[in-house]
Amino acid sequence: MLLAFIVSVSVALLLAMQTANAKGDTHLGLITKSQLIDNYEDFSENYRDYQPSEEELVAVEALPDNLNIKVFFGTWCHDSEREVPRLLQSFKKSPVSIELYALDTHKSDPDGLAKANNIKYTPTIIVYQHDKEIMRIIERTENSFGEDILKAWQQNNG
Numbered sequence: 001m002l003l004a005f006i007v008s009v010s011v012a013l014l015l016a017m018q019t020a021n022a023k024g025d026t027h028l029g030l031i032t033k034s035q036l037i038d039n040y041e042d043f044s045e046n047y048r049d050y051q052p053s054e055e056e057l058v059a060v061e062a063l064p065d066n067l068n069i070k071v072f073f074g075t076w077c078h079d080s081e082r083e084v085p086r087l088l089q090s091f092k093k094s095p096v097s098i099e100l101y102a103l104d105t106h107k108s109d110p111d112g113l114a115k116a117n118n119i120k121y122t123p124t125i126i127v128y129q130h131d132k133e134i135m136r137i138i139e140r141t142e143n144s145f146g147e148d149i150l151k152a153w154q155q156n157n158g
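This note's numbering puts the first residue of the sequence shown at 1, with every later residue one more than the last.
Note that these hints are calculated values from the structure, not bench results. We treat Cβ as the ideally placed atom computed from N, Cα and C, and that holds for glycine. A couple of the hints might just be wrong.
As the list claims (entries may be wrong) - Straight-line C-alpha distance at most 27 Å; calculated DSS-like pairs for lysine-lysine:
id	residue 1	residue 2
1	70	120
2	132	93
3	151	132
4	70	151
5	132	120
6	115	33
7	70	107
8	151	120
9	70	132
Claimed, not checked - DEER-style ranges, computed between Cβ atoms:
id	residue 1	residue 2	range
10	53	131	25 to 33 Å
11	58	97	15 to 23 Å
12	131	48	16 to 24 Å
13	154	110	34 to 42 Å
14	157	26	33 to 41 Å
15	115	54	33 to 41 Å
16	155	110	28 to 36 Å
17	106	55	13 to 21 Å
18	158	49	30 to 38 Å
19	118	97	18 to 26 Å
20	45	156	33 to 41 Å
21	130	49	29 to 37 Å
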């Protein structure tokens, strides 16, 4: 009886930890904004509901278009469900390149990019300029994505 209980709890935990959307599909590795928003309800809802502040939009507009942002996140992670849609909404009209990488619960992906970038927490947002890392945002921003990234860019180019 105890063994059956332990097995059922273990199975339930494993199922809850999968990176699945409402349809039960899982995705690991590079994913487009459209795939994320169209197939993962919590991300879609948070993207639709988030309204960036005027200060954040001004900061995003001030950024150069030669930045590249890599986002390592989990579709299973509540911090990712909150923060990734905010980033995407804030940069909706920006020419800054954003690449999204969905990770499993072990913070890994099929191409090994999470390991190569020493990802330990989700989401981890890495900002590059000319292939040089200028900042990381881990789990959440101090102010907003636009303001924090602009500040880091100014410190690196000031």
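Going through the hints against the structure:
{"no.": "1", "hint": "70 <-> 120", "in the structure": "holds (14 Å)"}
{"no.": "2", "hint": "132 <-> 93", "in the structure": "holds (23 Å)"}
{"no.": "3", "hint": "151 <-> 132", "in the structure": "holds (16 Å)"}
{"no.": "4", "hint": "70 <-> 151", "in the structure": "holds (18 Å)"}
{"no.": "5", "hint": "132 <-> 120", "in the structure": "holds (20 Å)"}
{"no.": "6", "hint": "115 <-> 33", "in the structure": "holds (22 Å)"}
{"no.": "7", "hint": "70 <-> 107", "in the structure": "holds (14 Å)"}
{"no.": "8", "hint": "151 <-> 120", "in the structure": "holds (24 Å)"}
{"no.": "9", "hint": "70 <-> 132", "in the structure": "holds (12 Å)"}
{"no.": "10", "hint": "53 <-> 131: 25 to 33 Å", "in the structure": "holds (30 Å)"}
{"no.": "11", "hint": "58 <-> 97: 15 to 23 Å", "in the structure": "holds (20 Å)"}
{"no.": "12", "hint": "131 <-> 48: 16 to 24 Å", "in the structure": "violated (33 Å)"}
{"no.": "13", "hint": "154 <-> 110: 34 to 42 Å", "in the structure": "holds (36 Å)"}
{"no.": "14", "hint": "157 <-> 26: 33 to 41 Å", "in the structure": "holds (40 Å)"}
{"no.": "15", "hint": "115 <-> 54: 33 to 41 Å", "in the structure": "holds (39 Å)"}
{"no.": "16", "hint": "155 <-> 110: 28 to 36 Å", "in the structure": "holds (34 Å)"}
{"no.": "17", "hint": "106 <-> 55: 13 to 21 Å", "in the structure": "violated (37 Å)"}
{"no.": "18", "hint": "158 <-> 49: 30 to 38 Å", "in the structure": "holds (35 Å)"}
{"no.": "19", "hint": "118 <-> 97: 18 to 26 Å", "in the structure": "holds (21 Å)"}
{"no.": "20", "hint": "45 <-> 156: 33 to 41 Å", "in the structure": "holds (35 Å)"}
{"no.": "21", "hint": "130 <-> 49: 29 to 37 Å", "in the structure": "holds (35 Å)"}
Hints 12 and 17 from the list above are not met by this structure, while the remaining hints are.
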